[in-house]
Structure formats: C-alpha cells, structure tokens
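Construct the complete structure from the given sequences, taking the supplied hints into account.
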Amino acid sequence: MFRNIIVPVDGSEPSNSAITFALRMAGEEHATITFAHAVEVTRIIAMTSASAIGPQYALDAALQAGRDILAEAQAQADDAKVKATTELLEGDCVGSLLELAERRKADLIVIGSHGRGGISRAILGSVAEGVLRRSPIPVLVTHAPKKPATVTLVGV
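Using the numbering used here, read the sequence shown as starting at -7 and increasing by one per residue.
I should point out that these hints are in silico values taken from the structure, not numbers from a laboratory. All C-beta atoms, glycine included, are put in the ideal place defined by N, C-alpha and C. Be a bit skeptical, because a hint or two may be false.
Across the chosen pairs, the derived CB separations fall in these ranges [stated by the list, open to error]: (1) Ala42 x Lys97: 36 to 44 angstroms; (2) Lys97 x Arg35: 25 to 33 angstroms; (3) Ile37 x Arg16: 35 to 43 angstroms.
Structure (structure tokens):
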C-alpha cells in the first residue's frame, strides 16, 4: 500500500514514537523510509545574532544535533532491517518537509506530535499541524505513549 514514507525526526518522544510506528509499517509493507530533520537557519541566526555564542556556533551545533538524530534513526532502521535514508534539511520545517515528500515521491508522512493545544501551540507552533494541513499526501500523526500515573511520597 505505502512504498515511500517520510518520517520527520527531532529526538523527542513523539518523534521516537513515529520512528517505531513507521519502522513496523515499512517492515510489513516492504517500504522505504526517508528520515528527515529540518534546521530553521533564519530562525537560529535571528535568535543568536546578538548573543555571546554567535549565529555560526549555534547553527553548527544545530546541524550537528540534526546529524546525530538522523544517525540514531538510521541505526534503528538498520537494526530492523528496513531500507532507509536520511536528509538534513535547511529551511522552514513544514515547507522543507513537504518539498522533500514531493521530491522523493512519498506516499505517506508519519510524524510525531506533542499534542499541545491552545496557547502552547499558538506560541510554539506545530510542525505536525502544518504538515497535516498543507500536505497533498496522507499524513499519519503519532503521539508518545502515555506514562502511567505515579505516586510520590513527599513526607511521612
């Protein structure tokens, strides 16, 4: 059914959930996965141009973090014996991911979502929501597994 799957990754729990789901699906469907990580260069430069570390250092760190995240996803695919490639993208996250999907002729995007709502989503934005709204191909949104409630004893 699906042959070419794009999986945006950022190292978060929801992203890891998307990786797990996509690997299982790709294994069953004999599909190929492209793991993608986007670095918003203009945002990094704007946020660090007046800082002590400077924009180049911040950009280099963001690109290296992206390479590390992609390498981990690739290692998981290798362990699962699923054919996968990686793409480190520079630019607007949503736009870059959709351009990649078009370039790779993807037929599905599997993306993790933090599930933020209201003000948090308005302030932080949502890559998953942007992809979901603008994608011409099917998008499957995953969430991190809920952790069981725990009780912490704070005094006796």
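Now for the hints, and whether the structure bears them out:
1. Checked against the hint of 36 to 44 angstroms, the pair Ala42 and Lys97 passes, with Cβ atoms roughly 42 angstroms apart.
2. Judged by the Cβ atoms, the range 25 to 33 angstroms given for Lys97 and Arg35 holds: they are separated by roughly 29 angstroms.
3. Between Ile37 and Arg16, the C-beta spacing of about 38 angstroms keeps the proposed range 35 to 43 angstroms intact.
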